[in-house]
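Engineer: If you want the building blocks of each chain, they are given just below.
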Amino acid sequence: MPENVPEAGIKSAERLAFEFYLRTGRRLIGAAPTERKFNPYHDPRNGQFTFAPGGPRSLADAVFSDRQGIWKPRGKPTARDAFISPQGDSPSSAPEVSVGSPSSAAHSPVTLQMARGARNPRARMGGNGGPPLDPLVIEQVFPNLRKAAAGSIVASVDDFLDLTGPARAVSADLHHAEVVKLIRQIQTVDPGYRFESLGQPRTLEGMANEIRKLRLDRALVHYRVRDEIRPLQVQVARIMQERADSAYADAVARYEAGQLAPRLSREEAIGNYIDGTVRADLRSVFSVHRVDTSRGRPVRVVGREYDTSGNDRTYRIPDARVGNIAFDVTLSRKTLATAQVRGFFNADFKPDVVVIIRPTQLGAGNTYAIKKPR
Amino acid sequence: MDRVKVHYVPQGIGEIQDHLSMMMLSSPQFEDRTGLLPGRSIDTVFAELDDGLKGIRKKLGEESYLRLAELSAQMRTHFEADPEDRTSDSIKGRDCIAEMKDILRAKGRGKPAGVPSEVGNGPSLAKPR
Numbered sequence: 001m002p003e004n005v006p007e008a009g010i011k012s013a014e015r016l017a018f019e020f021y022l023r024t025g026r027r028l029i030g031a032a033p034t035e036r037k038f039n040p041y042h043d044p045r046n047g048q049f050t051f052a053p054g055g056p057r058s059l060a061d062a063v064f065s066d067r068q069g070i071w072k073p074r075g076k077p078t079a080r081d082a083f084i085s086p087q088g089d090s091p092s093s094a095p096e097v098s099v100g101s102p103s104s105a106a107h108s109p110v111t112l113q114m115a116r117g118a119r120n121p122r123a124r125m126g127g128n129g130g131p132p133l134d135p136l137v138i139e140q141v142f143p144n145l146r147k148a149a150a151g152s153i154v155a156s157v158d159d160f161l162d163l164t165g166p167a168r169a170v171s172a173d174l175h176h177a178e179v180v181k182l183i184r185q186i187q188t189v190d191p192g193y194r195f196e197s198l199g200q201p202r203t204l205e206g207m208a209n210e211i212r213k214l215r216l217d218r219a220l221v222h223y224r225v226r227d228e229i230r231p232l233q234v235q236v237a238r239i240m241q242e243r244a245d246s247a248y249a250d251a252v253a254r255y256e257a258g259q260l261a262p263r264l265s266r267e268e269a270i271g272n273y274i275d276g277t278v279r280a281d282l283r284s285v286f287s288v289h290r291v292d293t294s295r296g297r298p299v300r301v302v303g304r305e306y307d308t309s310g311n312d313r314t315y316r317i318p319d320a321r322v323g324n325i326a327f328d329v330t331l332s333r334k335t336l337a338t339a340q341v342r343g344f345f346n347a348d349f350k351p352d353v354v355v356i357i358r359p360t361q362l363g364a365g366n367t368y369a370i371k372k373p374r
Numbered sequence: 375m376d377r378v379k380v381h382y383v384p385q386g387i388g389e390i391q392d393h394l395s396m397m398m399l400s401s402p403q404f405e406d407r408t409g410l411l412p413g414r415s416i417d418t419v420f421a422e423l424d425d426g427l428k429g430i431r432k433k434l435g436e437e438s439y440l441r442l443a444e445l446s447a448q449m450r451t452h453f454e455a456d457p458e459d460r461t462s463d464s465i466k467g468r469d470c471i472a473e474m475k476d477i478l479r480a481k482g483r484g485k486p487a488g489v490p491s492e493v494g495n496g497p498s499l500a501k502p503r
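Protein chains in written order, with our numbering: chain A, 1 to 374; chain B, 375 to 503.
Chain A on its own, in the form it takes in the complex (with noise of 0.2 Å):
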């Protein structure tokens, strides 16, 4: 007997049936297997229609089928080797689980991928799509600037900050892809930075206080390597929203408390306490990170911005200044009509922009940027 022939025991049910067709002409009834509609997205352990890897309902239910491989985890080694672990443990690759019966999977494994977090290909973003996620320049905060009109309030996009997005998506493995990318884009400029981690955060707040850390490295970086200061015009937008938001809940909780005395009156009181707040903890951050805001340097914090085109000199103070653009934080909505606005675009440092920061708990519109008239 040949020793290519297989044994009757092992053939296949489709080879058998093709055997008595040889032999009697005759089709088996019954034989043919069931058909199936094509999906390459279903389940294997039970056929049911699942989602699309990357699909917002992916990471609701993170086992997904991958026929085609395309989801696979890389080989190569990630920007998270990057970190510095005391522990020393590193970030562990998503798991693999191979299921079905012993028998069947040695033939044929099936191999599911804990959901990678990859952006959703089919997701819109930039140009007729919505605003990019993260980010990098103010004219994509503000996405309407470039083309205003000279003088023109420009309102921000929604939820600029966007610092829980990949957090709030339950995923530890969407924030890691999120924080090697990050990692990545800090190393693309300066190879030698490492990220000191305490390993991976498991709370919501950690994440987002990872990735926090992890943009405003980027935009620092940006700054003091290559001397582009427009990622941390970015950074300072975000924080002092975010600063502004928090300081406006606590001072509102405070003040009904009885525990702001009015001088003038409720926003005079609850407004000084957020500007305050945000001043100083901007001051702080730019410390610890080590940037420098003393006079004549591109960023300040409450720095005098003094107007020479006059007889005499005067000055404004905005509450922060990074490069080109001035920021203030306020309760009242301001606008070219307002002094201190016209003020701050005379002044020498001729800004192209006024970013007016206002608590997003006073409703849309709440934060924009004011074009610098003609």
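These are computed hints drawn from the structure, not numbers from a lab.
Worth double-checking, as some hints may not be accurate.
[What the hints assert, rightly or not] DEER-style ranges, computed between Cβ atoms:
| # | chain 1 | residue 1 | chain 2 | residue 2 | range |
| --- | --- | --- | --- | --- | --- |
| 1 | A | R146 | B | E473 | 48 to 56 Å |
| 2 | A | K147 | B | E437 | 54 to 62 Å |
| 3 | B | V378 | A | G192 | 25 to 33 Å |
| 4 | A | A249 | B | R431 | 33 to 41 Å |
| 5 | A | A249 | B | Q448 | 24 to 32 Å |
| 6 | B | K428 | A | S265 | 29 to 37 Å |
| 7 | B | E473 | A | S294 | 29 to 37 Å |
For every residue, glycine included, the Cβ atom is placed at its ideal position computed from N, Cα and C.
Could you slot chain B onto chain A? The hints should help.
Structural biologist: Below, chain B without anything else, positioned relative to chain A:
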């Protein structure tokens, strides 16, 4: 005792006022929830406040400085007695902040309350200082 590692020592009356505003809203624990100021605690914020006051001791005058230092110590005692913000101690601590701000306001430029501080006239061009 090891010296507390501070983040930033406020310089001048205006920055100390800002620091007190931050203390008012983040008391009694003073923890940073954003991760950008790691290690911020009651120890660091009071070390920063006390160092800031020392830096303007001359400008304040001895009497005012001693009163402010005393209020700072009282405030800390109150906040330490009520870290969960459940008793009247935290309220007393915030009363100390309000009193300190009043003293500093009076020691400032003598501006009446409510006048914005972000505008002013610089020294004359003819007589630069």
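Engineer: Now tell me if each hint is right for this structure.
Structural biologist: Evaluation of the provided hints:
no.: 1; hint: R146(A) - E473(B): 48 to 56 Å; in the structure: 49 Å, holds
no.: 2; hint: K147(A) - E437(B): 54 to 62 Å; in the structure: 59 Å, holds
no.: 3; hint: V378(B) - G192(A): 25 to 33 Å; in the structure: 30 Å, holds
no.: 4; hint: A249(A) - R431(B): 33 to 41 Å; in the structure: 35 Å, holds
no.: 5; hint: A249(A) - Q448(B): 24 to 32 Å; in the structure: 27 Å, holds
no.: 6; hint: K428(B) - S265(A): 29 to 37 Å; in the structure: 35 Å, holds
no.: 7; hint: E473(B) - S294(A): 29 to 37 Å; in the structure: 32 Å, holds
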